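Peer 1: Read off the chains here:
There are 2 protein chains.
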Amino acid sequence: MSASRAGHSPRAALPVEPWCVREPSVDLTTLAQTESLFALSNGHLGLRGNLDEGEPNATPGTYLGSFFENHPLPYPEGGYGYPESGQTLVNVTNGKIMRLLVDDEPFDVRYGDLLTHERRLDLRGGVLERHVDWVSPAGKRVRVRSTRLVSFTHRAVAGIEYEVEAVGDPVRLILQSELVTNEAPPEVDSEDPRVAQALDNPLVAVSQDVEQGGVVMLHRTRQSGLTMAAGMDHEVHVDGRYDVEHDARPDWARTTIVTTLAPGERLRVVKYLAYGWSARRSEPALRDQVAAALTAARYAGWQGLVDSQRAYLDDFWGCADVEVDGDPVLQQAVRFSLFHVLQAGARSERRGIGAKGLTGTGYNGHTFWDIEGFVLPLLTLTAPDAAANALRWRASTLDLARQRAATLGLAGAAFPWRTIDGEETSAYWPAGTAAFHLNADIARAFEQYRRITGDDSLEVSCGLEVLVETARLWLSLGHHDRHGRWHLDGVTGPDEYTAVVDDNVFTNLMAARNLRAAADAVARHPEQSRTLGVTTEESAAWRDAAEAVHLPYDKELGVHPQCNSFTRYAEWEFTDPEDDRPLMLRAPYFQLYRKQVVKQADLVLAMQWFPDAFTDEERARNFDYYEKRTVRDSSLSAAAQSVIAARTGHLRLAHDYLHEAALVDLRDLHGNTSQGLHIASLAGAWNALVEGFGGMREDGERLRLEPTLPAAIDRLSFRLRWRGARVRVEITADEVRCSLPGQPDASADLLLYDELLTVTGAGEVVRPLRSREPLLPTPTQPPGRAPEPARTSADVVS
Amino acid sequence: MSASRAGHSPRAALPVEPWCVREPSVDLTTLAQTESLFALSNGHLGLRGNLDEGEPNATPGTYLGSFFENHPLPYPEGGYGYPESGQTLVNVTNGKIMRLLVDDEPFDVRYGDLLTHERRLDLRGGVLERHVDWVSPAGKRVRVRSTRLVSFTHRAVAGIEYEVEAVGDPVRLILQSELVTNEAPPEVDSEDPRVAQALDNPLVAVSQDVEQGGVVMLHRTRQSGLTMAAGMDHEVHVDGRYDVEHDARPDWARTTIVTTLAPGERLRVVKYLAYGWSARRSEPALRDQVAAALTAARYAGWQGLVDSQRAYLDDFWGCADVEVDGDPVLQQAVRFSLFHVLQAGARSERRGIGAKGLTGTGYNGHTFWDIEGFVLPLLTLTAPDAAANALRWRASTLDLARQRAATLGLAGAAFPWRTIDGEETSAYWPAGTAAFHLNADIARAFEQYRRITGDDSLEVSCGLEVLVETARLWLSLGHHDRHGRWHLDGVTGPDEYTAVVDDNVFTNLMAARNLRAAADAVARHPEQSRTLGVTTEESAAWRDAAEAVHLPYDKELGVHPQCNSFTRYAEWEFTDPEDDRPLMLRAPYFQLYRKQVVKQADLVLAMQWFPDAFTDEERARNFDYYEKRTVRDSSLSAAAQSVIAARTGHLRLAHDYLHEAALVDLRDLHGNTSQGLHIASLAGAWNALVEGFGGMREDGERLRLEPTLPAAIDRLSFRLRWRGARVRVEITADEVRCSLPGQPDASADLLLYDELLTVTGAGEVVRPLRSREPLLPTPTQPPGRAPEPARTSADVVS
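Residue numbers (UniProt numbering), protein chains in the order written: chain A, 1 to 798; chain B, 1 to 798.
Some clues are possibly wrong.
Identical copies look the same in the list; a pair holds intra-copy or inter-copy alike.
[As the list claims (entries may be wrong)] Cross-link-like lysine to any residue pairs, in silico, SDA-like; alpha carbons within 25 Å at most:
| no. | residue 1 | residue 2 |
| --- | --- | --- |
| 1 | LYS628 | PRO789 |
| 2 | LYS628 | SER476 |
| 3 | LYS628 | PRO774 |
| 4 | LYS555 | GLN781 |
| 5 | LYS555 | SER565 |
| 6 | LYS555 | ASP481 |
Quick caveat, the hints were computed from the structure, so don't treat them as lab data.
Nothing here was measured: the structure is a model prediction, and the numbers come from that model.
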């Protein structure tokens with residue numbers, strides 16, 4: 001997975017506030033970034049934070065989860081098994097547009113006088129609000145207030161409340177509420193004319209139906225054969241007379257409302273939007289589905305949608321909120337992170353979750369190991385139903401994964417490195433096909449779900465089969481040498497600057513875990529396993545391979561090479577520490593692969609995910625070794641580094657990395673927030689807080705905690721779900737408090753440090769905080785690659 | 001470099017004759033192959049063996065050395081340093097066409113009655129002859145005899161003698177002699193529409209000039225900006241009246257000759273063709289250049305061209321001929337090989353030589369390591385001027401190679417893996433950029449030239465700079481580990497089924513040789529080296545690295561892993577021995593790379609090129625080990641395996657491999673002779689005879705010989721040039737004879753087995769042949785991959 005960092009481009013300050021992200025005045029130079037930051041989504045439907053009036057914009061974006069178009073993948077030199085067809089998330093019919101004309105002058109932030117322009121993403125309310133006070137070039141003043149939401153409770157529905165108030169003079173208003181299809185696309189990142197062609201006007205009009213209060217339009221893609229429907233309906237509230245007209249053409253539909261306002265009078269329009277798509281259902285069925293969603297939305301009413309949105313989020317925050325005293329910057333960033341991770345996954349429901357959620361078309365909207373590796377751990381601990389649905393989607397693609405494995409000459413199932421619908425679309429195999437750890441990441445997510453929720457039903461319905469098929473994959477991928485050690489050769493681990501290697505420690509550990517998990521699951525479900533053809537010989541072979549797995553170790557240096565020979569490779573020469581572009585933009589893969597330079601946590605991630613596989617001394621030495629060689633050209637790195645820094649007692653460094661992970665988008669640290677948010681980094685930030693400072697882990701039986709706290713944070717509390725209980729952990733400078741707030745009858749077994757204890761709803765358990773001393777001095781990073789020191793104070797940031 | 005083997009498609013028998021390749025009757029199903037086999041070329045101008053009348057054809061082909069068009073290289077996932085522009089040899093203006101109408105009926109082998117149709121490539125005369133006896137559908141009978149040549153002595157000139165005789169009835173003949181540009185291309189092997197576009201009508205008309213006896217036409221390419229000129233001129237010999245007309249349009253020109261013949265009368269037309277191209281010279285200059293070449297050809301006359309062609313070849317065969325008694329199949333194949341290698345290189349003169357010569361557009365006409373690695377050793381020993389010119393071309397691309405090295409973050413010069421003009425165009429870096437051994441192959445060719453010819457001038461003029469810049473490349477590519485051993489990591493050796501590896505033995509040995517050769521050359525030319533900026537520190541560092549080079553060795557198995565860990569990898573499972581398609585067409589690179597399966601001689605090639613780096617025992621064990629794992633999906637393999645089989649005493653196996661190398665095109669063993677001949681395999685066959693059975697090598701001081709002979713060959717003689725002398729070696733069942741025929745005043749020092757002796761022109765030296773006993777049993781090959789047993793008898797073959 002590639003990163004592009006166009007140089008840190010610090011955004012105009014967004015004030016540090018605990019429960020919202022607010023832009024006090026519109027900044028046209030960072031429109032692309034704010035469109036991503038202010039994106040609303042429920043995982044099924046996503047709206048970028050484009051301005052209501054459509055223009056100016058950087059990237060207009062309306063997305064339906066997994067609604068994609070195909071395009072060819074051309075190779076100058078092809079190879080057997082290369083995917084032939086790419087997939088790209090399509091910008092579908094845009095229902096956000098509300099064009100306002102004030103006495104015939106279009107409202108546009110670039111013209112006239114903008115007295116006020118504030119946007120505010122409310123993390124508790126789940127709405128995007130906008131307040132505008134504008135004087136038209138002709139001198140007419142209006143106040144515009146809009147509120148936009150994408151409903152968590154009405155999966156197919158979004159809504160806009162749009163209110164205009166005349167100030168000072170009477171005005172004639174025309175409000176054009178639109179659906180627009182095939183908007184001019186942003187620049188396509190492809191040299192191939194056929195790719196651009198596939199994404200230029202991707203949708204073919206099927207039908208347009210003007211209904212009572214709006215329009216329903218159907219379109220389909222040319223290649224992928226998917227059909228979508230978008231509908232809008234309106235409520236108009238105004239004291240005086242108004243007229244409404246509807247019009248619809250193949251690629252646009254318009255509801256026009258005209259009225260006049262005296263000073264102080266208001267026009268208030270509620271626009272209900274509904275979307276649906278299907279690869280199989282008929283056009284009438286889709287049309288009716290959208291019409292029904294509109295009916296349900298009208299029935300709920302605007303306030304009903306707002307209220308249920310708030311209730312949904314109250315419930316979420318009750319299970320997931322984090323409080324950080326002493327670091328308001330992190331406080332805001334972590335809530336922002338949680339909110340967007342929830343938005344990405346909440347209602348994706350049997351569709352894949354993209355690495356950018358539905359906030360942009362970066363990575364073509366594809367899902368990667370980001371989701372199972374970084375996002376699902378958070379969702380499993382805070383919104384387990386969303387995690388279960390994401391895993392059900394993976395399982396639903398098993399047939400494609402089996403076909404892919406067969407193409408590759410392997411047994412079992414090989415899930416795709418990047419995809420929308422489950423078909424492999426990765427066009428560079430050393431950083432795609434070869435990164436087989438994805439399969440174990442998926443298996444781990446299933447295991448975590450079962451262990452954290454205590455819910456066995458997912459394993460029964462589909463998890464067992466995934467575990468079995470991935471175990472089969474691993475057994476066919478590995479082999480025993482003549483001394484009986486089990487090896488995985490020619491694979492790529494998480495670090496994409498070291499590809500196609502032998503015995504990547506992370507991958508080998510993950511494969512062994514996958515094999516053992518499958519064998520254990522088979523033992524739990526012997527009947528069902530037999531129907532999958534699993535024999536005792538087969539599951540014994542899985543255990544044998546896991547037992548014999550080879551983990552390279554460099555005795556001279558006392559560190560684990562992340563793969564065979566790694567610690568023998570040449571060191572990277574950092575020639576220009578001022579140049580902070582990713583190395584991949586200024587050096588060929590050839591050079592990166594053969595040197596000791598690490599794009600992202602790999603062995604360090606292995607230490608995060610396998611705390612018991614390393615002694616404290618090994619952990620300290622390994623972290624020291626890899627810190628010197630890790631450039632963090634991937635947004636998937638800082639969170640893992642934060643966790644291991646915390647575990648090795650480098651709390652200040654852990655705090656710095658945590659800031660980097662959490663602020664990746666609020667500060668646009670990789671220069672590509674414009675293309676969508678880094679959902680996995682945001683999830684990783686929460687993981688880093690809870691696993692790093694909270695010291696949380698599960699060992700399959702118990703929830704374990706080894707809390708610690710950096711000096712800059714006065715108090716940290718977090719919440720998570722553990723086998724039905726909602727656990728709250730609060731850490732202060734000298735105490736740890738565990739409780740089950742509001743659950744008088746619940747209880748949970750915890751291992752706090754080395755003390756086994758049971759927390760009940762009756763009251764909190766309080767223990768002294770233990771300090772953690774590092775075994776080695778604080779490690780250093782490559783020139784120019786140290787994380788920015790965490791700045792916790794709001795005014796320093798802005 | 002990839003191979004595609006469409007299943008052995010045995011051709012209709014071509015009779016086994018010592019000095020020609022003859023097709024007794026036309027076979028339309030193998031037209032594509034015979035067009036390649038019957039191609040004529042002098043290295044500058046190449047004509048595929050298309051029928052005179054243009055149709056039917058498989059691939060019309062007229063090529064000018066290094067005359068190419070650019071096309072884009074699209075990557076679905078690009079990377080830093082990826083070449084952006086491809087190059088393809090262009091099918092230029094076709095001057096071969098002689099359309100004959102007999103009483104208005106076009107002569108076409110598909111219509112009427114073909115009483116005789118014989119084609120014959122005369123390896124001594126250097127001409128392609130054709131004899132036809134045809135009865136038109138209307139019953140008119142003619143005999144057509146044509147002779148075609150591409151002149152070795154007139155570089156820009158080709159000629160056709162075309163004679164028609166009326167048989168039985170009087171006939172009216174119309175002969176249309178043409179130049180045709182932008183012929184419909186054969187199917188383009190690319191999914192990218194822009195590549196097809198670049199090669200569809202690649203030439204833009206510049207001018208057409210009708211001259212006295214013909215036409216000169218100029219065209220230029222759209223992208224690469226090259227201009228070419230083609231001209232034709234005619235002599236007409238007929239007893240009766242005839243008329244001649246000329247016509248020219250942008251993409252074709254026609255000279256029409258009309259006459260009538262009484263039975264027994266003949267029309268004889270000599271067509272002179274001349275070609276030229278330039279990237280820099282003006283259009284008038286090119287037009288004049290071609291006109292001058294036509295004038296020179298007319299001045300020489302047809303017989304003059306034929307005679308000088310024969311004289312040129314007599315001289316060549318006098319230095320290069322091989323005689324093989326007892327194996328007429330091999331006799332023919334080796335002469336065919338020598339002839340085509342000469343055709344590829346004779347007059348390429350400061351242009352690159354393509355892997356297919358000028359016989360087809362396979363591999364887009366690119367040059368690879370094939371040339372320096374396999375072709376130049378032959379040319380250096382038999383036609384050293386051609387070798388010197390090819391090396392001068394390489395040196396002329398040094399600036400591009402330096403730029404490429406800089407792009408890759410390396411010092412010195414990195415020559416392109418595949419190119420026409422010196423710009424890297426390889427689009428798959430693991431089997432392109434990473435195959436750095438090419439640079440040492442080039443350095444080795446310079447060294448061999450100096451040592452074999454004794455001529456220092458090439459080193460002075462350009463070789464020293466190549467040696468210095470490639471040594472600099474290697475020093476920046478390698479590094480010392482903490483124990484002082486020098487490693488080359490992440491490179492690809494000859495075996496393309498094992499790519500991007502550490503410490504490939506072949507590459508490490510080649511790099512060390514390159515470094516030492518550069519240091520030695522610097523010591524020979526201290527002044528000149530200083531102007532290249534070489535210090536004593538620098539050349540000392542080269543020697544140090546060469547001295548410290550790491551060569552992996554598996555002590556347990558007693559063999560050299562071809563790269564680190566190779567002997568630890570999983571074995572390939574050969575599931576279907578009947579499926580002889582190349583593995584790369586049915587397995588992904590991912591699988592091939594991580595297993596012990598070898599596409600082509602790699603460690604075995606190292607043993608061929610570095611006989612002193614291995615003991616006899618190591619050689620025997622290594623050969624045995626790699627034979628079991630080598631599938632020969634590359635045509636570059638069999639010759640090296642033949643040499644090592646001979647050195648390890650497996651003479652019958654050596655003989656089998658020799659047949660495979662020599663018959664690669666005459667038997668179309670890789671199923672792609674249609675796309676052009678495998679020049680390196682043909683050259684390798686000669687190398688295999690001379691190095692394998694002849695036991696020839698040079699150690700920098702002496703020519704060494706350790707002859708042996710397989711049972712099936714009664715007598716083998718070969719010739720080569722050694723420091724000005726023409727050495728002839730003759731091997732029979734019990735004797736070795738060395739002589740300098742026809743050079744009374746010459747002498748040469750030889751090491752025959754372990755006897756140092758001086759051969760003079762006065763008489764031959766005769767010594768007993770020593771037998772060679774293998775240390776191990778005959779090795780085996782993977783299922784279905786054993787070479788066909790050599791069939792030496794002509795009637796068995798046909």
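Peer 1: Given a CA cutoff of 25 Å, do LYS555 and ASP481 count as a within-copy pair, a between-copy pair, both, or neither?
Peer 2: Result: close both inside a copy and across copies, 21 Å intra and 15 Å inter.
Peer 1: Quick one: LYS628 to SER476, C-alpha cut-off 25 Å, is that within a copy, between copies, both, or neither?
Peer 2: Between copies only: 22 Å across, 35 Å inside.
Peer 1: State whether the alpha carbon distance between LYS555 and GLN781 is at most 25 Å within one copy, between copies, both, or neither.
Peer 2: within (23 Å within a copy, 39 Å between copies)
Peer 1: Cα distance capped at 25 Å. Does LYS628 pair with PRO774 within a copy, between copies, both, or neither?
Peer 2: Within one copy, since 17 Å is at most 25 Å while 54 Å is not.
Peer 1: Which holds for LYS555 with SER565 at a C-alpha limit of 25 Å: within a copy, between copies, both or neither?
Peer 2: Both: 12 Å inside a chain and 19 Å across chains, each within 25 Å.
Peer 1: Please work out whether the CA atoms of LYS628 and PRO789 approach to 25 Å or closer within one copy, between two copies, in both situations, or in neither?
Peer 2: within (17 Å within a copy, 59 Å between copies)
Figure legend: structure checked against the earlier numbered hints; every hint is met.
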